[in-house]
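So you can see what is in the structure, the chains are spelled out below.
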Amino acid sequence: MLTKRIIPCLDIKDGRTVKGVNFENIRDAGDPIELGALYAEQGADELVFLDITATNERRKTLSELVTRIAKHVNIPFTVGGGISSVEDVNVLLQSGADKISVNTSAFKRPELVDELAKEFGSQCVVLAIDTRFEDGDWYVYLNGGRVKTDIKAYDWAKEAVQRGAGEILLTSMNNDGTKQGFALDITGKLSQNLNVPVIASGGAGTMQHFMDVFENAQADAALAASIFHYKEIEIQALKTYLYQRGLNIRF
Amino acid sequence: MKTVIIKYNAGNIRSVMFALDRLGVEGTVTDDVEEIRSADKVIFPGVGEASSAMRYLQERKLDQVITSLQQPVLGICLGMQLLCKHSEENDTKCLGIFDVEVRRFQSPVDNLLKIPQIGWNNITGLYSTMFEHVPENSYMYFVHSYYAALGPDTVATANYVINYSAALQKDNFYAVQFHPEKSATEGQKILDNFLKL
Chain A
1 MLTKRIIPCL DIKDGRTVKG VNFENIRDAG DPIELGALYA EQGADELVFL DITATNERRK
61 TLSELVTRIA KHVNIPFTVG GGISSVEDVN VLLQSGADKI SVNTSAFKRP ELVDELAKEF
121 GSQCVVLAID TRFEDGDWYV YLNGGRVKTD IKAYDWAKEA VQRGAGEILL TSMNNDGTKQ
181 GFALDITGKL SQNLNVPVIA SGGAGTMQHF MDVFENAQAD AALAASIFHY KEIEIQALKT
241 YLYQRGLNIR F
Chain B
1 MKTVIIKYNA GNIRSVMFAL DRLGVEGTVT DDVEEIRSAD KVIFPGVGEA SSAMRYLQER
61 KLDQVITSLQ QPVLGICLGM QLLCKHSEEN DTKCLGIFDV EVRRFQSPVD NLLKIPQIGW
121 NNITGLYSTM FEHVPENSYM YFVHSYYAAL GPDTVATANY VINYSAALQK DNFYAVQFHP
181 EKSATEGQKI LDNFLKL
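Heads up: the sequence lines are chains A and B, in that order. Residues in the first sequence are numbered from 1 upward in steps of one, following full-length UniProt numbering. Residues in the second sequence are numbered from 1 upward in steps of one, following full-length UniProt numbering.
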């Protein structure tokens, strides 16, 4: 049976993880490779690296970093942040990334999704959507949540899947950072109506929240950052918890 | 020992190289016929589409080279599917080492099946030297829309709505549908076992 996936997300700036914490088992919590390898060892099913560097040098720095990650991490990983062309993706996949995620650039030019799926296959194209609930529905936000659009998240997700997106990474801005749980309604709507995996993001605070999003919203994977970085929840303990409650989980 | 990774128009070659690197083995990526023939171990990887991959191999006569190899060969993902008889993916005649059909996953009427299958799935019925010290029900990382049916050469089974071949073996030809290079320590063990054949 296919298992539910637990995915830690690492924010990267200038080749370093941003939310560094004190981990006993690693020398340098700011080093994405050490932290990524530690998560892999603890049982993470995949990793997401989100690059938030804004300098001109970012492209080169990122591809070098991706190569270093690929050399040391023996589980799949996705790279996102500022990707806007087939060439960007080619460089990252050649460097050793398994998947890439696109967000604002794909919304602004949806043909990018078609081009990426055709060139590299849907399996490596993750569409990231930041969404906020307001005026009775979930709307797409761009540029890291700063720019509102009048397009509904479900409609954009559906279109992107038709264009070839292989997975949807859905972040609820209402829930993100609250530790009050994932957005079950919109996650469930996407997961039950789209024939690609949906990764839920935003709001994880307890182990029960993961159980809820897998069981009640049928999410295929759940992503979280700070609760793992600050060791509020340990991956191994989380997976044991979910397994004991009857979910298919990899050990 | 010389380990060769067959170069063709399919992805994930870099990941395989890095995985070999972690095992202390240097792999050579090549489509040179003599280099492939003289290797001790040949890895045939792949993420991509069957008909264009077959066309690429035929244009370089690599199809004949691969089927005539005597040393251990490991097909991974699309590499495994191309070693089968025929693929439904664009109705492609494949290399025919394994006498099985490659079919597309189909959603049952009452259930939305997500295609491709992406993620970790357990493998059972392990029956090959490449699985030595790999426990039954180990989880491996799969990414695929097409699967090889069960057959006499099936040496591991996975289930995604139906049971299918997670691995095949016949004589010197070994093949896995999952990505051992991305399947944590158990996946590494399989690569290591293959390299030690």
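Since the hints were made in silico from the structure, they are not lab data. Predicted model, so just to flag it, every value in this text is computed and none were measured. It cannot be assumed that every hint is accurate.
Claimed, not checked - When the alpha-carbon atoms are kept at most 25 Å apart in a straight line, the in silico SDA-like pairs for lysine to any residue are as follows:
no., chain 1, residue 1, chain 2, residue 2
1, A, Lys-118, B, Asp-40
2, B, Lys-170, B, Ser-38
3, B, Lys-196, B, Val-109
4, B, Lys-114, A, Gly-164
5, A, Lys-179, A, Val-161
6, B, Lys-196, A, Leu-142
7, A, Lys-179, A, Tyr-154
8, A, Lys-71, B, Lys-196
9, B, Lys-189, B, Glu-26
10, A, Lys-71, B, Lys-7
11, B, Lys-85, B, Arg-104
12, B, Lys-114, B, Thr-157
13, A, Lys-71, B, Val-109
14, B, Lys-2, B, Ile-162
15, A, Lys-158, B, Gly-125
16, B, Lys-114, A, Leu-184
17, A, Lys-71, B, Lys-61
18, A, Lys-158, B, Val-109
19, B, Lys-114, B, Gly-96
20, A, Lys-71, B, Arg-22
21, A, Lys-158, A, Gln-236
22, A, Lys-152, A, Gly-136
23, B, Lys-114, A, Val-147
Unchecked claim - These stretches of chain A come out as covered by chain B in the derived footprint (C-beta under 8 Å, 3 or more residues):
no., stretch
24, 2-11
25, 69-75
26, 89-96
27, 223-235
Heads up, the beta-carbon is just placed ideally off N, CA and C, and yes, glycines get one too.
Hints versus structure:
1. A:Lys-118 <-> B:Asp-40: This hinted pair is violated, its Cα atoms lying about 35 Å apart.
2. B:Lys-170 <-> B:Ser-38: Distance ~21 Å between Lys-170 (chain B) and Ser-38 (chain B) Cα, so the pair holds.
3. B:Lys-196 <-> B:Val-109: Violated - the C-alpha atoms of Val-109 (chain B) and Lys-196 (chain B) are around 45 Å apart, more than 25 Å.
4. B:Lys-114 <-> A:Gly-164: holds, 13 Å
5. A:Lys-179 <-> A:Val-161: Violated - the C-alpha atoms of Val-161 (chain A) and Lys-179 (chain A) are around 29 Å apart, more than 25 Å.
6. B:Lys-196 <-> A:Leu-142: violated, 51 Å
7. A:Lys-179 <-> A:Tyr-154: holds, 24 Å
8. A:Lys-71 <-> B:Lys-196: holds, 21 Å
9. B:Lys-189 <-> B:Glu-26: holds, 17 Å
10. A:Lys-71 <-> B:Lys-7: holds, 19 Å
11. B:Lys-85 <-> B:Arg-104: holds, 15 Å
12. B:Lys-114 <-> B:Thr-157: Holds - the C-alpha atoms of Thr-157 (chain B) and Lys-114 (chain B) are around 19 Å apart, at most 25 Å.
13. A:Lys-71 <-> B:Val-109: violated, 42 Å
14. B:Lys-2 <-> B:Ile-162: Status violated; Cα separation ~38 Å.
15. A:Lys-158 <-> B:Gly-125: Given that 25 Å is the threshold and the Cα spacing comes to 38 Å, the pair is violated.
16. B:Lys-114 <-> A:Leu-184: OK: Lys-114 (chain B) and Leu-184 (chain A) at ~19 Å, within 25 Å.
17. A:Lys-71 <-> B:Lys-61: violated, 32 Å
18. A:Lys-158 <-> B:Val-109: holds, 20 Å
19. B:Lys-114 <-> B:Gly-96: violated, 29 Å
20. A:Lys-71 <-> B:Arg-22: holds, 7 Å
21. A:Lys-158 <-> A:Gln-236: At roughly 34 Å apart (the allowed maximum being 25 Å), Gln-236 (chain A) and Lys-158 (chain A) break the hint.
22. A:Lys-152 <-> A:Gly-136: holds, 11 Å
23. B:Lys-114 <-> A:Val-147: With a Cα-Cα distance of about 31 Å, the restraint between Lys-114 (chain B) and Val-147 (chain A) is violated, given a limit of 25 Å.
24. 2-11: This one holds; 3 residues, not fewer than the three required, reach chain B with a Cβ under 8 Å.
25. 69-75: Since 5 is at least three, the answer is holds.
26. 89-96: Coverage by chain B holds here, the residue count being 4 at a Cβ distance below 8 Å.
27. 223-235: Violated: only 0 residues of the stretch 223-235 of chain A have a Cβ under 8 Å from chain B.
Comparing the model with each earlier hint shows violations of hints 1, 3, 5, 6, 13, 14, 15, 17, 19, 21, 23, 27; every other hint is respected.
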